Amino acid sequence: MKGIRIAAAAVLVMAFLVTVFAQFLAPAGYEHQFRDQPEARPSLQHPLGTDQLGRDSLARLLYGMRVSLLLAPLAAALSTLLAGLVGGLAGCFGGWTERVCTLLIDLFLAVPWLFLLITVRAALPLDISPAQSVVITFLLLGMLGWAASARVICAGARNLMRSEFVWSARAMGFSGFRLIRLHLLPNLRGALAAQFWISIPVFIIAEANLGALGLGVAEPLPSLGSLLKEIQEFVTLRSESWRLLPLFVLIAVVSAFQALLNREKVRA
Amino acid sequence: MKRFALLCIALFFSLSLAAAADGNGELRFCLRSEPKTFNPLMVNDDASETIRYLTGGVLVRVNRLTQKPQPELATDWKISLAGRRIRFKLREGIRYSDGTPFTSADVVYTMQQLMDPALHSATGDAFRSGEGSVVAQAISPTAVEITFPAPVSNLVNLFDTVAIMSAQSPQKEMAALGPFYVAEHKAGAYILLKRNPNYWKKDSAGNPLPYLAAVRLDIEQNRDIEALRYSRGEIHLINDVSPATFEKLSHENPVMVRDAGASTDTEQLWFNQSPSAPIPEYKRTWFQSTQFRRAVSEAINREDLARVVFHGHAVPSTGIVPVTNKFWFNSDLKPHPYDTASALRRLQQDGFHLDQGTLRDRGGNAVEFSIITNAGNRSRESMAAMIQEDLKKIGIKVNVVTLDFSSLLERITQSYKYEACMLGTVNGDLDPNSQMTAWLSTGEDHIWNPKQKTPATAWEAEIDKLMHAQASAVDQRKRKAAWDQVQKIAWEQEPFLYLVNKDSLVAISPLVKNAEPSAFRPQTYWNVEELSLAH
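Top line first, the protein sequences correspond to chains A and B.
Going letter by letter, the first sequence gives residues 240 to 507 in our numbering.
Going letter by letter, the second sequence gives residues 7 to 541 in our numbering.
Some clues are possibly wrong.
Straight-line Cα separation of at most 30 Å, DSSO-like style, residue types lysine-lysine; simulated pairs [said to hold, decoys possible]:
hint	chain 1	residue 1	chain 2	residue 2
1	B	Lys403	A	Lys468
2	B	Lys289	B	Lys340
3	A	Lys468	B	Lys423
4	B	Lys340	B	Lys471
5	B	Lys398	A	Lys468
6	B	Lys494	B	Lys399
7	B	Lys289	B	Lys457
8	B	Lys399	A	Lys468
9	B	Lys471	B	Lys74
10	B	Lys95	B	Lys74
11	B	Lys192	B	Lys289
12	B	Lys84	B	Lys74
Everything labelled a hint here was simulated from the structure, so no lab data went into it.
Quantities reported herein were computed from a predicted structural model and do not represent experimental measurements.
When you get a sec, could you build the whole thing from the sequences and use the hints?
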């Protein structure tokens, strides 16, 4: 198990370094179009070949990782924070607080997000830069994707409030914020961490799907999601294995997160 | 042993039956959506158009290879009253799929239904040439005369889209005069068309047509899955293959796909010139400047667009009319050249200047605008990315925004909240009349500055005059001269920056015999009566 954790940590450190030093590692700019070499096979000049417009695939993967692996965790953190806040409030205080929070959660789960997102996109100005568009996209995902996690946190908090050690703590005079900080939050940490890690790949994939609505990352900025979208037809029509690398990167990073998560769970 | 022999015989028979079922000729291909209607007069979408083409009997059919009308239910026709009247002589002894006889009363009934204002038929709108009603009159059981309130240009060809309905049949619009009739429909899954037993056409050897026993239309929205099903041999045709899919299928087996030549469809970019558009005044000034539009046009490398995005299956566009439209194309015009130096000169003449790689106008505003296009269209998204890169070379910053189609339509037709837009036009009809609403300054589809009370510019006023002139003339040479002039003005002023004309890429299984793909819709099955399947 220790070996797996070391490998997972190595993958994440490597991914982090790659995203930070993308501009030094990339053989070319992610937006530069080598128009004489569209859809080229791997070569010394382009180690992962080029995309449909002749852009270096390695450069796009490195920058895509930067966008997705930095912003998806931020969106997941935002989503987990909201889930912890609403779910925690509902589970801890019960009564009308729980009813209001549950209503809010149900409302967020029931709203047709597709149409809401289309409306949000229609309301956004058109002259935003690709960087702004990607931040807005992940911000929206973080703000909208908390409801399912909140239910889990709510159930966990409710169970904790009924546990003997919490009764004991309350009998000893712990209440309010002190009770939450010292007894509930440490015990909810595993559930919160799980929701956080689970959200990351979900948001990366969601960003790719939002691209179809015009909400994803704008050209020419790449993201893991937009790179996954590009390989869709290769998966169905032909096998050019190197083009699947973004998919393997996503799997490797998410698996590494999960491996470390298990350790966190064991500790918790 | 005896049981084993019986089993073998049973297996042999079942295999023979299966082979026979395959050999009876069931052509299979996909519709991208459920047909919105089976009423041939109400057709307004591709799927319904396919059903109409395969089941409807028409008086005249435009040959997709020669682009000329040829007799179908009408054996002859004559135009009189300076283009206001047409008289058809009808074929005798023809019956609908349910056995009901076909007469001139059916043509009269169809025209009355078609021109009924309450029906709101898009097919009927093409015949509305002026105020007043259309009168259809049966002269005899085999002759019919239709009189219009004003001359209708391209009159004969318009009848290619009018499927004649039966006035008598209890099956109403489901009674077919075409080669097939609708036998089965499972909503969302498939439509099965079977051979019309009463179809009138025969081949040169006297054999009844169509050769195919049935056509099965599977409803499949996903184009990748459609291509996958084709490569597995589950379907026989794809009418419109994307360039990327074309290359991949061609790589697998070159005989699986064909390039039927340049289509009449266009891809274009335009700037929002509407005075009511909520955009900064200095940007409106750029967009209304001919020099600015010409400069942007010259900075776009159309050759690269055709080569990279369409894998060479496209040609740089010249203008409104593609070169494939043999009669109406103005052959004096050539595609705008890619010339960034010339583009910069034009911009300098118009008061723009380069400042550390950024183009600025007279007021010092950096030249930056957004191009909207519909999300999900990979070719268009790629073209936008390439244009973004091209314009960067002359210091213009472009933001590409992809929107869902309804949001995009709302912006370009109602709120006008956009700066530039890139879309394509499907030109099914080759006649200039089909473009009246796009070029008349009063038109809703005069998309860069729609619904003008009076023409905003002298050149738009000139185009208005020429469009009216060609629409009211019956002499084709006069019409051609006027339309040539419109093409020239549009080339000079560039309200639309025409980018490329895509080739018509189709996939036809080697099992399909007698296929002669055309660049015009329906590309693969326009001669469906003559198609057959190899066993």
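Against the structure, the hints come out as follows:
no., hint, in the structure
1, Lys403/B - Lys468/A, "25 Å, holds"
2, Lys289/B - Lys340/B, "29 Å, holds"
3, Lys468/A - Lys423/B, "29 Å, holds"
4, Lys340/B - Lys471/B, "24 Å, holds"
5, Lys398/B - Lys468/A, "26 Å, holds"
6, Lys494/B - Lys399/B, "28 Å, holds"
7, Lys289/B - Lys457/B, "21 Å, holds"
8, Lys399/B - Lys468/A, "28 Å, holds"
9, Lys471/B - Lys74/B, "28 Å, holds"
10, Lys95/B - Lys74/B, "18 Å, holds"
11, Lys192/B - Lys289/B, "52 Å, violated"
12, Lys84/B - Lys74/B, "15 Å, holds"
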